[in-house]
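Chemist: One letter stands for each residue in the lines below.
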Amino acid sequence: MNGDPFQILGVSSQATEDEIKAAYRKLAKKYHPDLNPNSPTAEAKMKEINEAYTEAMRIKKGGGSMDSWYRSQSSGYQDSGFNHWQYEYQTQDSSQFQPQFQATYDYISTSRYYDALQMLHQIPEHNALWNYLAAIANMGLGNRLAAANYARNAYQMEPGNNQYRELYEQLSAPARTYQQQGTNYGYSMQRLCNNPFISCIAINLFCNCFRCGRCCC
Amino acid sequence: MFGYITINGAALSEEEKARYRTYYCGLCRALHKTYGTLSRLTLSNDMTFLGLTLSSLYEPSALESAGICPVHPVRKQGYLKSTALDYAADMNILLTWYVSQDHLLDDHSTNAGLMIRRLKPHYERLKQIYPDKCRQIETCLDRIHVLEAQTDVQLDALCQLSGRIVGEVFRWKDDIWGDALRCIGESLGGFIYLIDAMDDYDQDQRRRRFNPLKDFHAQPDYFESLKQSLTLLAAQAAEALESLPLEQDVNLIRNVVYSGIWIRYEQLLSKSQKKENKQ
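Which chain is which? The protein sequence lines are B and C, in order. Just so we're aligned: 102 in our numbering is position 102 of the first sequence, and the numbers increase by one with no gaps anywhere. Start counting at 1 in the second sequence, then tack on 1000, and there's your number in our numbering.
Among the hints, a few may not be true.
Unchecked claim - Not the full set, but computed from the structure, chain B residues with beta-carbon under 7 Å of chain C:
1. K21
2. R25
3. N50
4. M57
5. Y113
6. Y114
7. Q118
8. L145
9. N149
10. A175
11. Y178
12. Y187
If you are wondering where the hints come from, they were derived from the structure by calculation, not from laboratory data. None of these values were measured; they are calculated from a predicted model. Glycine included, C-beta positions come from ideal geometry on N, C-alpha and C.
Full structure from sequences and hints, please.
Modeler: Here it is in structure tokens:
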């Protein structure tokens, strides 16, 4: 894309995301293909503002490319990197240290996550360290849900351990942002919890007007 | 289909609910137009959400009118007509076809058999229009069947594959928004897979069918750990949605993503708490 994306959209580089969206919408309405059928100029302009929007949002989000963000969402953690992983098992309590843990560490350090998980399966006792390693190995395999669950287990078993706490906080950061965002828009999880029936009855009444429930689908 | 991706009506004004209804009725009419009256039975909230999101993003010219229908024979209902809703209707039929196939495979249900017979010609037509989507979806379904036959449950992989199916459905066009839409679909697809597994758990146990949560159900923090997984998926969907230039009806879209999708979870949680209190 040529030119400054903010200039193309007609906003300052200090504009908020909402202002960027509003500016984009205004231009998109003007050059919409439905309103300008068979107009190569409008088509080119539309392409330009689409790209400017994506670029402006990318800058607002702190630089990284959106493409790689979407890709990292679906393929796991390969892109975001293991900034968390530290090879410092020497500091671990030696009493809970078993040879299998050593082997697991070695596999993880060489990115052999599947082998690391296989090794963990041979350890009968699932202590905090076990859960921590299972979380890291699952991260490597792109198993986001399992990784988050193991990280939570490790943290709950040993809340005082900084390494476990950091990993848990790293993996649950998106969830916290989401909940905060929801609260900002006036949707409190708590409220939904407190009176689930009110909302459920409302939604069921509303939907039952149209369909006969799940049986027909 | 599933209907988990829905609004929380209690948190919407009357006008907002009426607005949502114009999409819902619009999808119903789009189904009727292309697939006949009976296809209206397959109408789903999930695909209404797709129509709503695509309408907001692409703003295709939409015709708003009102009319009576078999479900509302007296009072006229407002509805929308647009290419986004036509596409959502196509996807509604396509997904119903695959879900019915799944049901037939699982328990030889007669309903599913009848549905498949009715939908067969529509499926053949859709396969011509969206050959790439159908191929991708079928590859994912094959892999899901392989994974579901294994003894140890690979929950992440199952969620990702189900997500990819819905991702294909959400990616309307191959343009600059395709990746974000696919990402929304993938996250919501995983969300649907998990919540559906929770929902069907008791029934699957009774009928001795596969359920991906069989290893987790006995855990004391079953609800808590599933909430964590569901929240991660919802967060991913929300982040991709917020990256798009959505303005029109964005309050409805946010109502679904931050609130409506949790309704079934809350129902299941309070049901299980009641059961516990009784014991």
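Chemist: A separate judgement is required for each hint: does it hold in the structure or not?
Modeler: Now for the hints, and whether the structure bears them out:
1. K21: It holds, given that the least Cβ distance between B:K21 and chain C is near 4 Å, below 7 Å.
2. R25: holds, 5 Å
3. N50: holds, 5 Å
4. M57: holds, 6 Å
5. Y113: At 12 Å from the nearest chain C Cβ, B:Y113 fails the 7 Å test, so the hint is violated.
6. Y114: violated, 12 Å
7. Q118: violated, 12 Å
8. L145: holds, 4 Å
9. N149: holds, 5 Å
10. A175: At 4 Å from the nearest chain C Cβ, B:A175 passes the 7 Å test, so the hint holds.
11. Y178: holds, 3 Å
12. Y187: holds, 4 Å
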